[in-house]
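Participant: Let the hints inform the model, and build the full structure from the sequences given.
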Amino acid sequence: MTTIAIPPGMPQYDDVPRYDVEAVRADFPILGREVNGHPMVYLDSANTSQKPRQVLDALREHYERHNGNVSRSVHTVGTEATEAYEAARAKVAAFINAPSPDEVVFTKNSTEAINLVAYAFSNASLGGPAGDPRFRLGPGDEIVISEMEHHSNIVPWQLLCERTGATLRWFPVTDGGRLDESGLAELVNERTRLVSIVHMSNILGTVNATARITERVRQVGALLLLDCSQSVPHLPVDVVDLDVDFIAFTGHKMCAPSGIGVLWGRGELLAAMPPVFGGGSMIETVSMAGSTYASPPARFEAGTPPIAEAVALGAAVDYLTGIGMKAIQWHEKELTAYALDALATVPGLRIFGPTVPVGRGGTISFALDGIHPHDVGQVLDAQGVEVRVGHHCARPVCVRFGVPATTRASFYLYTTTSEVDALVRGLEQVRKVFG
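Its first residue numbered 1001, the sequence shown is counted upward by one per residue in the numbering used here.
What the hints contain is simulated information worked out from the structure, not anything from laboratory work. Glycine residues also receive a C-beta, built at the ideal position from the N, C-alpha and C atoms. Take these hints with a grain of salt, some might be off.
Simulated restraints on C-beta separations [claimed, not checked]:
# : residue 1 : residue 2 : range
1 : Gly1140   : Asn1097   : 35 to 41 Å
2 : Gly1279   : Arg1425   : 33 to 39 Å
3 : Ala1271   : His1038   : 49 to 55 Å
Facilitator: And the structure:
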């Protein structure tokens, strides 16, 4: 059984949950391949995760034996598809401790989930007095985000403000890569209608403790959305404990296929939201004079949904639950501590974000003095080490730290210390090439 030695300074717990990393790796067929003549070292899981055989089998099983449309047929295959689709919804609800499966809306990704909320605000604002006041926006109203957001949690709100005349404001980021909450009371005020912030940064690795923000949001009567794209795959997320109104996350970062995402919302808020997309499944009645709309979640799932992808997401939830999210979280915490120490030995390397394994996840962005990240990435790829380079769809963070781009290594439940060692050796080779 492969485990990681607990680095100095980390708490020493006897009851830390463990799992066999090598056994987990054996579940992922792609991890056995070579890249450029080297064993592949996949360090890009914040971009997309690899898929275990159990998920691939579920996807194939659905298409080979149960492929039918959902909520439209009385025949056996259609009924089986509907049951599998709704079973996946129930699994996702349990995974995040949602009070009801009806609070889980399937989307194609996190971006669509966030846009769904933004356009619900927009549609409610166009509805005039008939719209729910919690979702109406206009001049003088404010939306608050942060400087560390992914573009998918910036641009939808910019567009919404353009449509409604509302104002967009944001939390700054500290030099240490943490959310600067020093101006919380002024930033989140009686004009604030929504706060939408990232739970775990996709570029800095920062895990934002949201308790103070949540308390302030409740004081002023605003709504709170968390972008959990990077947190749900890596640590236990409990929507009741977080006391938020919405969360968004995506399947392809948590061992499921691409094309499936989730918007979770409080039931009474979803019931008050106007529809965004029109079409089949989201209606109760349709006539030439007008239409009435289904209750959530169907109201927000117009047309044929990503059925097989949802079923595979359910299989991914089963897989992660079987290992244990606390065990995955602890594995990544130890691995991140190991990596931070190892990267600190590389001359000229600067880490962006927290440099201690506390309040952060297993995503580490860095730069090498005088070497462009794209060059770093190409030399690493030649050695089979797969990382991401660029601004990571978080350009304002790069601007904040005065760099055009970074190199990013990101870990998951299948990452090992030997792969971190391969990264460090690869960086030594980068320095030789460009030294």
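Participant: Next, verify each hint and record whether it holds.
Facilitator: Hint by hint, here is what the structure shows:
| no. | hint | result |
| --- | --- | --- |
| 1 | Gly1140 to Asn1097: 35 to 41 Å | holds, 36 Å |
| 2 | Gly1279 to Arg1425: 33 to 39 Å | violated, 53 Å |
| 3 | Ala1271 to His1038: 49 to 55 Å | holds, 54 Å |
Violated hint for the displayed structure: number 2, the only one.
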